[in-house]
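S.K.: Chains as they are written, first to last, in my numbering: chain A, 1 to 483; chain B, 484 to 731.
Warning: the hint list may mix true and false statements.
Claimed, not checked - Listed next, the stretches of chain A that the computed footprint assigns to chain B, with coverage defined by at least 3 CB atoms under 8 angstroms from CB atoms of chain B: (1) 262-276; (2) 332-343.
As the list claims (entries may be wrong) - Here are the simulated distance ranges between beta carbons: (3) I421/A / K666/B: 28 to 36 angstroms; (4) R257/A / G708/B: 52 to 60 angstroms; (5) R257/A / E556/B: 49 to 57 angstroms.
These are calculated hints, taken from the structure and not from any lab test. Glycine residues also receive a C-beta, built at the ideal position from the N, C-alpha and C atoms.
This is what each chain is made of:
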Amino acid sequence: MDRLASIVRCQWRVYWRRFSRARDLTVGHQGITLIITVLILFKYLRLLGSANIQIARGDTTLVQSLLAGIFLAWLILPISIPRADVSFFRLRHLPLSVRDLFGIRIVSLFITPYSWMIVAGSLAICYPLAHAPRPWLALAAALLFILMSCSTGLAIAHLLTIASWRRMLFAVLVLLCATAVYVLSGKDGGGFWQWSQVLPTNLATRAAVGKNPTLATGALVMLNVLTITAAWWSFWQTLVNEPRARSRRRMDSILFRLPGTAGGLAVKDVRYFRRLLDPYFGLLAAVLGCLYLVSSSAPSAAVAWILIIIVFIPNAPLAFNSFGLDKRSGLDRYGLLPVSGATIMRGKNLAFVIIASVQVCPIIVLAGWRLGLSVGAFGLIEAASLAAAYLAWGNWMSITLPTKMQFFRFAPPGGSLPELIAGLMFASLPGVLTLYVFKLRADQAIWVNLLILLLCGILYSLAWIRAGRRFEQQREKVVQSIL
Amino acid sequence: MLEIETHKLSKTFGDLVAVRDLELRIPKGTLFGFLGPNGSGKSTTVKMLTGMLRPTSGEVFISGRSVVNSPLEVKKRIGVLPEELALFESLTIWEHLLMIGPVYELSRKETASRAEQLLVYLDLWQARHTYVEEASSGMRKKCSLALALLHNPEILFLDEPFEGIDPVSARKIKDLLLVMVGKGITVFLTSHILEVVERLVQSFAIIVGGEIVCSQTMEETLLSGDTLEDLFFKHVVRETAEELEWIG
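Here chain B stands alone, though its shape is the one from the complex (with noise of 0.2 angstroms):
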């Protein structure tokens, strides 16, 4: 069974394709890594999926269900860590959980029991009561990610997860994914740091100018000989330090 499907999907702003014809088919269960270079169209992909932002074209299917058609039936089923975290700046991580639970139709109990099982899981616990203005980014990053998983979500989106995390509750997150992945809830995953995502991952798609230049499982990957790295550079140009020849 499909839980993510697109087809046709496209974004423009004004002149600027962002997304073009974007085309995705993740099995329940899945964890799936989404590669792409800045403003490859990563983000702008992860809103569309979410019902954050409509698209210009095509189509969504979250569960079987359109995002476009039955917006609030597919954000009961999703937890999103959005790229810019979707905080309110003067709540504490704390009040945040517990603004949030009601929301999804938890009891203020059960509220407070996961949010706190969750705190201290993510090493928040003893900051649940910072402003998030005053938290560092890596805080604000796992209260983010606390509010994503409160409601038990069917399917995952995290959109840069590690960024900005420390090794220890880095290790928890993905501990915690695979875990989640085991019991058949599928997660879709944006990252920058290659190496994560191929440990971490059973198929992914790299996605440059607004199209996926390559689809396939890290099993075919693997079989061809190549690292995520490597195939990643072969569709992504780079320049050369040596150009900066004034550094230094």
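Only chain A is shown next, with the shape it has when bound in the complex (with noise of 0.2 angstroms):
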């Protein structure tokens, strides 16, 4: 059991010593993470209470959506945390079996504030449970779904590590998401609606107040066999799944010949960018997007146009914090060559471009072919404008805030939770702003946004020749954060 504590023990060190070393660059952002967070705690106390009053009168939709909404973020936690800085590959050759090792994996799960958090906000659920009409077998049902959530989270964190996994995870996202539209679109007849008594939420509240609570019970106790068994297999497939070296394609290489100085170093980043989760939430939006456009007997030029602001947003760490994904070593690369730190800025903007046009060109030619040349012509433009407000926020941010991010999981929101959401909706402005004039002045709604455009561009090259010299002289200081 020592040996075991005293892993544990260095792994709470590493996390927290992470915010010592950061020193000036974290400082103070903490505070404000900690409003926010009150702020949605007081949120959602009242939205317990209300539950506690619906449950009580038989009523479960809140309920059911409050732990929906408990089942996403243990869904996040294990995606989003990095394991506290250890490769549990490499402590393979400790004299530590495999239980001992998922046995650090779990507690180390919770090192983190964000995880204390979920728990407490997850417990809390038993209170408007406890007073339902049948209270002990609904506290248990919902200790049940706790558990579930937390091995279904931990299961898929440790498939998203392996490749065919990982396709095979995105194809069932989009598959859900194909299916959410479809029973939105009220054409699946009510029939889900008779499926969704077999989600884990339903039965969790039929053990409060529905009928055949034993076997809603006895549902959930099988769900959390399944879901832990899960769990421990797909930890153990990440330990046997020894990387082995591979021949990369040669169409990856032929990339690299990208024009210019940092075409090499921009083909660099995208390769490191899509190793990250949420462009592909970008990708997700934009799929959805076309489907839209193309299946739709009246598409709107305006829902193409926010479907646009939309497909930016997962995409932010990518120009929020640009550095996240390098280490020291690629760091020192950069140190070496004989390139200005706005050339490197340049390479990292050219990849954000690259992934953004990736996912919002599709849009913009559909919307064009279904709505007229116009509409994406307009289009078009404010994608430009997005991208240039997000590099512009990015470039000041990825400097000032970078914070470490790890491949094949979401990017966290580390010490710059503010600026984040700051930065987010100043860079979804001019995407807002087109909407508006639009609707607005129709008739001189192209000036205006190619003026907001050119607004957009002043302050990107503003804050791309302030970034390159801030990294020359602070690339020390950007490395001793994302170590």
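Hints in hand, dock the two standalone chains.
M.R.: If you want it as structure tokens, here you go:
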């Protein structure tokens, strides 16, 4: 037990030491993050109060929504937080069994304050459920539900580290989204609502107030057995799936022939960025947007422009934390190259533009095809303005508040949540203005939008030059922050 | 003509003085060895000489240019094999070379041609499509060396180039260094393998605790009747193995 405790203690130290090592780069931002968290907590407590009243009357709608939120939180937690900097694959040389390592894995999940908040938020659901007609069964069902959510999150986080499973999970996600669109359009004739009876959120509330409570609880127990087994098996898979030396496809090397000094650097960053999970949500939004534009009988121009704004949002970490995936070794190479900081930033910005273009261009082309060339042209101006605004904010933030990111994980909010929110609002502004101006003065919209693009371009240029200079001066600080 | 010159070069990290008042004068076409125990300030010195780390005080001149004032000009002329190799983990060996060539203003064709020759020479050609993160430490080191050589630098800085390298490749690297020095290229080398340094370098310096304690040519050393190892241990204190009583 002592040896496991010593490893966990080290993980604890590693996690918390990051804040002291970053020094002035993140100090002060934790306070604002705490304020935002308290506001969310306040809203959550109010919802719990309402849920308490509703469930006493036999209405489980709000409790089910809150349970769904808890499930999502547990799903995201293991995927978004780094595993407290320990690679379990590299711990295999120690005399520790798979069970020991799995134990460390589970305990390390609860090192961060974000996980404490999720645990507290999850347990708080017991408050309304304790006032249900069958309180003891309801509480047992709630705990089973939380355990199932946690093990599902763990299983998915483990599987995302294996290439074949990543592809499969993305296909499942696309399928789920397509099903959601189908159900929401009302074309399934209520079939989904029959199936929804076996959803875990429904099972948990049925144990509290519905019919067949024992059956519902039994089903939850079965789900727990399944998900815990999946979490264990997937963890074991991450230990036995040794990365093999592979040959790259020729296409990737051809990409390295992008022109210019920063061309090769940009392709390297495209390779890095596409190993982050966030842009895949942008891709998902783009796929759904394209489906809408192709299948809708009367597509709307406003919806097409809103889609462009939405597609950019999941890509924000690529612009706002462009050094997050680099390691000390890579940042040292930047220091050795005979190029200015501005050239390095240009490479990173170009990579962001390449990724965003892959997602946005099909929407623009389809909008032009279905709604006319002018709508497509507006979309193009809007996308260019959005890209410039994202990069203007992102270049500043990438140098000032770099945060460590990990491959095949979601970008963590790190110590920069307020800046992230402010950045998203600022960067989405050109898109919102495009919509507003078109609604207000459609005849002059093109000129106003071109003016917005020009302003965003100027802002971007200033931010790019300044970020380049600051990177040259503060490279070592950036290294310290992402270690 | 002096190719590498430092004047009162110092670096401190908080209270720790990593390098103190370093004075180096290395002529063009010299193979210079920079020796010292772990943590003596070798790598910090290399970082300051190559513009990766800003000195706390003092000056560094490479080919007569100040590293602090003209870092890009200096970086174009030097090749560096750094201690931590400075590689991007998700790129293949081949992609590293393709990426770096244009940065040094080499054409695509020239980059590919030189890269192929270098990788064949360093026995990396078959493994060129291997990800750096999946390559062995020796392969990674040779990849970093290939990056340092690709643009035909005037001065080469090598931090522990023979560590983790197989004997065949080590011999090839030594041969290459001798050819380069013969053509007037200056090589600044740090290594723990004293026998290799003794046979390779023309002059050397020993740094202990951030200060140079000995600086002379190999000719002077041989004339004094000492080996490089004798000279090294005159300046570096070592503990005896007998103190570890519990072992065995």
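S.K.: Tell me, in ascending order, the numbers of any earlier hints that this structure violates.
M.R.: Of the numbered hints given earlier, those the structure breaks are 3, 5, listed in rising order.
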